[in-house]
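J.: Throw the hints in and build the complete structure from the sequences for me.
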Amino acid sequence: MNLVLRETMLAFRRAPLLSALSVTTIAFSLFVFGLFGLVTVNIQRVIGNVAERVEVVAYLRRGTPAEAVTVAMSDIQAFPEVESVTQVTEAQALARARRELPEFQDIFQDLESNPLPASLDVRLKPEFRDASHAGLVADRLKGFDFVDDVRYGSDWVAKLDHLRNIAGAVGVVVGAAFALVAVIIIGTTIRMAVLHRSTEIAIMRLVGATDGFIRRPFLLEGLLKGLLGGTLALALCYGAFELVNAYLLRADFFTTGQALVGVGVGGLIGLAGSLVSIGRHLRSV
Amino acid sequence: MIKFNHVTKEYPKGAALTDVSFHVPKGEFCFLTGHSGAGKTTALKLIYLAELPTSGDVRVSGFSSARIAPREVPRLRRRLGIVFQDFRLLEDRTAEENVAFALEVTGARRSSIGPRVMRALTQVGLAGKAHQYPRELSGGEQQRVAIARALVNDPVVLLADEPTGNLDERATRGIFQLLRDINAAGTAVLMATHDLDLVKSLDGAHLVELQHGSVAYDSAEEAVGAEPDAP
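From first to last, the protein sequence lines stand for chains A and B. Start counting the first sequence at -16; every next residue gets the next number (my numbering). Start counting the second sequence at 73; every next residue gets the next number (my numbering).
Be careful, since some hints might not be right.
[To be verified] As a list, the in silico SDA-like pairs of lysine to any residue whose alpha-carbon atoms are at most 25 Å apart:
1. K108(A) with A61(A)
2. K117(B) with R263(A)
3. K98(B) with F156(B)
4. K201(B) with R(-4)(A)
5. K117(B) with G258(B)
6. K117(B) with H179(A)
7. K85(B) with H264(A)
8. K117(B) with D194(A)
[Unchecked claim] Going by beta-carbon spacing under 10 Å, a handful of chain B positions derived as facing chain A:
9. M73
10. A138
11. A141
12. R151
13. E176
14. V177
15. R221
[Unchecked claim] Listed below are several chain B residues computed to face chain A (Cβ distance under 8 Å; list not exhaustive):
16. P146
17. R149
18. I154
19. R160
20. L162
21. D164
22. T178
23. R181
24. N225
25. R245
26. G246
No lab work stands behind these hints, which were simulated from the structure alone. The structure presented is a predicted model; accordingly, all values stated were derived computationally and were not measured. We treat Cβ as the ideally placed atom computed from N, Cα and C, and that holds for glycine.
T.: Written as structure tokens, this is what we have:
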């Protein structure tokens, strides 16, 4: 291992320009991929924010006894899709209407009795905030005989689903394309490094080094270049993110976990690129 | 120790060797001669198994080309020392590092590398230039480094493919003398060359001459009279 590490470091020192070039190339191809990742992360966040408003509201018949509602609430809370259930009394509904709909202030002011029904506001867990699950919960709520009507904005939830599907599909297709381009570019870069050292490889073979032995420094070199390139790409992404944040819009950056995965993927691509390049080279000579 | 048994090697362009048989015993000095293209380099490649014969069998130090597994090839090569016309040194390493390289990549014990490298460099007369880079050495000196690298693993045979082909007359004589010294110390030497003056200067050496990929003359066969149609 000692020797492998030394040979790898020597490779960096002996061909600093080529090494810097491969790290930069890897960094830029991962940077493009990272930018796309940032866009995806932010679109997901926006969709997630919108989805937070997916709420199933069950309007209660007037005069429903409080105990019945309390019992029902604990039943509903036990639904696997449900995150929380809140009871909104008639008075709270009116207060909310006054607060949220100031343009109807006059009408609410002149009321003699409260026309608004009490309701149970059911929030769904994040993974169930789509049309089919909301519909399912709504149907179940309709089963309670004190429930008068159930609303969950089925139209816009369906639109949200559609948007989410498009974003997901675009993410997968474009992401895969960018990743493929990155892999090809990185593979080519590493192939250059292998060709650059073909004399050395030929001599190693002549004096009886095993292929496994010959491979190791290249694999480590590829891994290190990938990790370095990934780190540099992360820094570039952060720079781009800061620019966008300062001049265009509030965006989110990767979480620490996502950033680490990104750099790790860089390392893996470097390793895989080396594995393929050196393997091909060893077979061809 | 090296035995060619009816070896034929065909490339897409045509046959490089046709039904070649000869034998180099342990400790011998053997010349492999012939014009360029006669098949000398191909024969050497078959010995260190950079190529496999199309038919026939090459036996080297207990290994047979017909039966050897790919993973055993490195073990075979560790018993050989190989020297080329173009030296094949790593330009970015010193003489000492070039020689040490052969030990490092074959997994030699670290503590043994230094002394063995110095011994090999001393043997080729370059102990004083251990820290010089190939570009700082003359052609003859570079070939000495290459020979030291070939010797450092204590090979049973030294294969030399036109080792003096790139050298002037004086350096040629020096390298040739060195190969003879190495042979005198017990290592077999198989030297491919088209320099007939060299061949003539060494009385009693085994001589195998190739012509168009076939053995045209083998001094060992002539001695026992086993090949009546030899010229």
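J.: State for each hint whether it applies.
T.: Verification of the hints:
no. : hint                  : result
1   : K108(A) with A61(A)   : 12 Å, holds
2   : K117(B) with R263(A)  : 21 Å, holds
3   : K98(B) with F156(B)   : 21 Å, holds
4   : K201(B) with R(-4)(A) : 23 Å, holds
5   : K117(B) with G258(B)  : 23 Å, holds
6   : K117(B) with H179(A)  : 24 Å, holds
7   : K85(B) with H264(A)   : 23 Å, holds
8   : K117(B) with D194(A)  : 18 Å, holds
9   : M73                   : 17 Å, violated
10  : A138                  : 20 Å, violated
11  : A141                  : 12 Å, violated
12  : R151                  : 8 Å, holds
13  : E176                  : 6 Å, holds
14  : V177                  : 4 Å, holds
15  : R221                  : 7 Å, holds
16  : P146                  : 4 Å, holds
17  : R149                  : 4 Å, holds
18  : I154                  : 5 Å, holds
19  : R160                  : 6 Å, holds
20  : L162                  : 6 Å, holds
21  : D164                  : 5 Å, holds
22  : T178                  : 5 Å, holds
23  : R181                  : 12 Å, violated
24  : N225                  : 7 Å, holds
25  : R245                  : 26 Å, violated
26  : G246                  : 23 Å, violated
Going through the hint list in order, the structure does not satisfy hints 9, 10, 11, 23, 25, 26.
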